[in-house]
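**Student:** Protein chains in written order, with numbering that gives the first Met the number 0: chain A, 0 to 343; chain B, 0 to 343.
Just so you know, these hints were derived from the structure itself, not from any lab. Treat the hints loosely; a few may be bogus.
Restraint ranges, calculated between C-beta atoms of paired labels, are given here [to be verified]:
no., chain 1, residue 1, chain 2, residue 2, range
1, B, Leu269, A, Asn262, 39 to 49 Å
2, B, Arg92, A, Trp24, 35 to 45 Å
3, A, Trp24, B, Gly106, 51 to 61 Å
C-beta atoms are modelled at their ideal positions from N, C-alpha and C, and glycine is treated no differently.
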Amino acid sequence: MALLVVKFDLKKRVKLAQTVWFMYWFAVLAGILVLSLGLFFKIELRKRSELMDNNESHFLPNVLIAMGLIACGINAFGGKVCYDSLDPTKFAKWKPMLKTFLVFCMGFNALLVVTALLCFVMRIPFQFTLAEGLKNGMKFYKDTDTPGRCYMKRTLDLMQIEFRCCGNDNYRDWFEIQWVSNRYLDFSAKEVKDRIGSNVDGQYLMDGVPFSCCNPSSPRPCIQYQMTNNSAHYSYDHYTEELNVWRRGCRDALLSYYGGIMNTIGALVLLVTMLEVAVTVGLQYVDTSLSTLANPEDMESESEGFLLEKTVKETFTDIMAKMKAMGKGAKVEEGGEEGVATVS
Amino acid sequence: MPFLSLKFNLQKRVKLAQGLWMLYWLAVIVGIILFSLGIFFKVELRKRSEIMDNNESHLVPNLLILVGLLSCGLNAFGGKLCHDSLDPQKFSRMKPMLRPYMLLCCGFNALLLLLLLLCFLMQFAVYLTLAEGLKNAIRFYKDTDTPGRCFMKRTLDMTQIEFRCCGNNNFRDWFEVQWISSRYLDMSNDVVKDRVLSNVEGKYLMDSVPFSCCNPGSPRPCIQHHLTNNSAHYDYDHRTEELNIWSRGCRQAVFSYYSGIMNSIGTFILNSYFEVAGDVAGLKYLSTALETMADPENPECESEGWLLEKGFKETLADLLSKVKTFGRANQVEEGGASPDVAAT
């Protein structure tokens, strides 16, 4: 007993073929969408790879690009098959390939689901790459004369301005590293010598932040130096001051930005998967309705379309039996060869 | 002798009508683009109306929106005309509307030319508004507690960061205004009192700039205070230092942005002018070709299409004489009216 049987006459078959053809072209557009989403994500990662230690994994965007290209190809082919399905001579050309094509489509749909899951899961390793990269970024902020790192300051400043964040977790991260290059420190000044002598690593640490941490919405001009010293500024209390510098950490800001991109892409890939499943089902119906014509010569005869030839359980047992037969076939071949070897 | 006449047979007429129909639909898309350009320009002006004293002229974007809508309507009607022109019944219904429609299109073209001229001329107005607005913005930078001006600081900071500029003409404009609110000045401090008393207006002036003037591309942390005092900073010469703060003035920067937008819009208007002119010429050829059919019952007969019925000079002389008779008719009426009055 076939699964989900539907009766078809000529008009219904024509309508089905046209609808599925239309859906296939829609699915080609969806494939292009997936491709461009992959490209967009790749570019976004490349733009800020300096902040991720040039170590970020491009696995996800590459997979998206590949899936987009395959989707375009499969759907264009499926559309062509649907277009030709109304002409018996043309359809006879495609008929032998259809079964394998449909199995391939199902495999592709499963891969799409896996890709969507990846989009949601890859956030976690990304978090670690980002934390490590930002920590190093801040360490190398002052090295504007070291080849390979001379643009770190500019990149970090522009990022803090664009994402409205300061430091890794918060602005106090800047207090723990020396972010002023030694070239601009007067080592003959007493104050400088005191500061450097006051810590084990000999670094010039201060309770100040770079200008890119400043919040333009603050009603008073930005206080970036001597931030924890209330008496250094008039009418200033660093415990209650909220608008002076950005309070958010850059790791949070970047993670929520990229996390948002990945979630959106994951949701869109799920929608595309649903569309692909629909067109696969449609093509199966087109194929079966044309194969079960009551009178193969008469195009106007009735036919039946179904999803599976037998019920789900029977189809499953069939597949298992086929796999076992394939396994036994291989064993018999080996046994036969050994028998021949011992005899000779 | 008709001006620029061409011979037409049925095939040529059909081809002309089809080609013209496509051109008209292209012109509808051009109209939609003009409409969206108008909206984009209006939004851009609104975004920065605060630094233009809320005084900027919205003439050009409003006209663009109007022209875009008109263009859509006119060209859609023209497309319908072309579509119906191949059916003699429908065409005879449309025939009386043709002449006023073509005159309307010519008027619309004149409007396009006017808009083109405005796009290039209004740039002067934008420049002057910008100069005045920025001067006031710098003056009101500190008034973050005055209703109506409390966001001026944020707007100006974001403008300087986004357009990479400082001050009106250059960074020295900041030396001439007090940009720190008196709320954050310790009036009991001697240094503050000296500065305030040192100038006629009692303003707290200093050789410093806000943080938004800082250039992230500078290799050293930003120097915003004591800019002209070389001894206040280690290894610093304000005459040779180039990368520390943005050297461009905001008037120049913002003006070149708007000027770029207006020039691009002007170029696009010029293109659409030529397109509409081409459409009107094509429609004239089509209508004359359909009117001068040798045998109205036989659609396959030859016909002639032209641009003007008489030569160019003769048409001009005709128009002038029409205008004169119109004027004389008015005078005759007045003359006729006054003898009546005199007689009674």
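**Student:** For this structure, which hints from the list above don't hold up?
**Tutor:** Checked against the structure, the only hint that fails is number 3, while the rest are satisfied.
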